[in-house]
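As you go down the protein sequences, you meet chains A and B in turn.
Residue numbering for the first sequence follows this note's numbering, beginning at 1 and increasing consecutively.
Residue numbering for the second sequence follows this note's numbering, beginning at 1 and increasing consecutively.
Think of the hints as simulated: they come from the structure by calculation, not from any bench.
Just so you know, not all the hints are guaranteed correct.
Listed below are several chain B residues computed to face chain A (Cβ distance under 7 Å; list not exhaustive) [stated by the list, open to error]: (1) Tyr32; (2) Tyr61; (3) Phe67; (4) Ser100; (5) Lys101; (6) Gly105; (7) Thr106.
Which stretches of chain A does chain B cover? Using the computed rule of at least three CB atoms under 8 Å from a CB of chain B, they are [what the hints assert, rightly or not]: (8) 61–68; (9) 91–105.
Ideal Cβ positions, reconstructed from N, Cα and C, are used throughout, including at glycine.
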Amino acid sequence: GAGVSQTPSNKVTEKGKYVELRCDPISGHTALYWYRQSLGQGPEFLIYFQGTGAADDSGLPNDRFFAVRPEGSVSTLKIQRTERGDSAVYLCASSLQGISTDTQYFGPGTRLTVL
Amino acid sequence: AQSVAQPEDQVNVAEGNPLTVKCTYSVSGNPYLFWYVQYPNRGLQFLLKYITGDNLVKGSYGFEAEFNKSQTSFHLKKPSALVSDSALYFCAVRDTGTASKLTFGTGTRLQVTL
Numbered sequence: 001g002a003g004v005s006q007t008p009s010n011k012v013t014e015k016g017k018y019v020e021l022r023c024d025p026i027s028g029h030t031a032l033y034w035y036r037q038s039l040g041q042g043p044e045f046l047i048y049f050q051g052t053g054a055a056d057d058s059g060l061p062n063d064r065f066f067a068v069r070p071e072g073s074v075s076t077l078k079i080q081r082t083e084r085g086d087s088a089v090y091l092c093a094s095s096l097q098g099i100s101t102d103t104q105y106f107g108p109g110t111r112l113t114v115l
Numbered sequence: 001a002q003s004v005a006q007p008e009d010q011v012n013v014a015e016g017n018p019l020t021v022k023c024t025y026s027v028s029g030n031p032y033l034f035w036y037v038q039y040p041n042r043g044l045q046f047l048l049k050y051i052t053g054d055n056l057v058k059g060s061y062g063f064e065a066e067f068n069k070s071q072t073s074f075h076l077k078k079p080s081a082l083v084s085d086s087a088l089y090f091c092a093v094r095d096t097g098t099a100s101k102l103t104f105g106t107g108t109r110l111q112v113t114l
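Let the hints inform the model, and build the full structure from the sequences given.
Written out as structure tokens, the structure is:
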């Protein structure tokens, strides 16, 4: 079956611009997660959705970052006024129920480069 | 708070030899532990997880991991390494009281040579 998909695979933007990153989870998965992976590091949690609502956004670094999941399926991560330090691979994952025993399945990521 | 340590940046193994990739964790409650593998320009692929029960967990591609509560460790093992196992391996933990985030280690690069 289809896994988690993310678009675009690569995004190059200029400092100060706005970007949107899209995630399409595995069909039927109610939970969706965003992580950020910087070079040489493990993924770091950003935000978790259960259905349409953000159940935990404690990992968002500042108010330039925002994410939505309006219909409980596709999610968009939005970054305003991008900075060079935002350059990273943004990973999306989904899980069936969002309970603590669930396995999270990851997409291939979007590589964001801010010039 | 939950945390994971992967003390080795890189592990080098000859093909056919056993491999071990180390992971230790810290959580306030009981841990749920996961191993993922990342190939170049690819996302993370799930290998195996420990939830409860038998301390030896078997996963994909012949990998297994042993949960040791007293040593707070969850080392990844494989009896006979293949060149195709060369990749970046991440250990992750979730506290039983946490439904959301996984906390990952910094990763260990496994290099298997002929």
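How about lysine 101(B): closest beta carbon in chain A under 7 Å, or not? holds, 4 Å
Min Cβ distance, tyrosine 61(B) to chain A: is it shorter than 7 Å? violated, 16 Å
Counting residues of the segment 61–68 of chain A that have a beta-carbon nearer than 8 Å to any beta-carbon of chain B, does the count reach 3? This one is violated; 0 residues, fewer than the three required, reach chain B with a Cβ under 8 Å.
Let's test the interface hint: is any C-beta of chain A closer than 7 Å to that of phenylalanine 67(B)? Check failed: Cβ of phenylalanine 67(B) comes no nearer than 14 Å to chain A, outside 7 Å.
Using Cβ atoms only, decide whether tyrosine 32(B) comes closer than 7 Å to chain A, and label the hint accordingly. At 6 Å from the nearest chain A Cβ, tyrosine 32(B) passes the 7 Å test, so the hint holds.
Hint validation: glycine 105(B) versus chain A, beta carbon distance must be below 7 Å. Holds or violated? holds, 5 Å
Taking the least C-beta to C-beta distance, is threonine 106(B) closer than 7 Å to chain A? Given a least distance of 5 Å, the restraint on threonine 106(B) holds.
8 Å C-beta criterion, at least three residues: is the segment 91–105 of chain A covered by chain B: Held - the segment 91–105 of chain A has 9 residues with a Cβ nearer than 8 Å to chain B, which meets the minimum of three.
Answer holds if the nearest beta-carbon of chain A is closer than 7 Å to that of serine 100(B); otherwise answer violated. Interface hint status for serine 100(B): holds (4 Å vs cutoff 7 Å).
Checked against the numbered hints given earlier, this structure breaks hints 2, 3 and 8; the rest are met.
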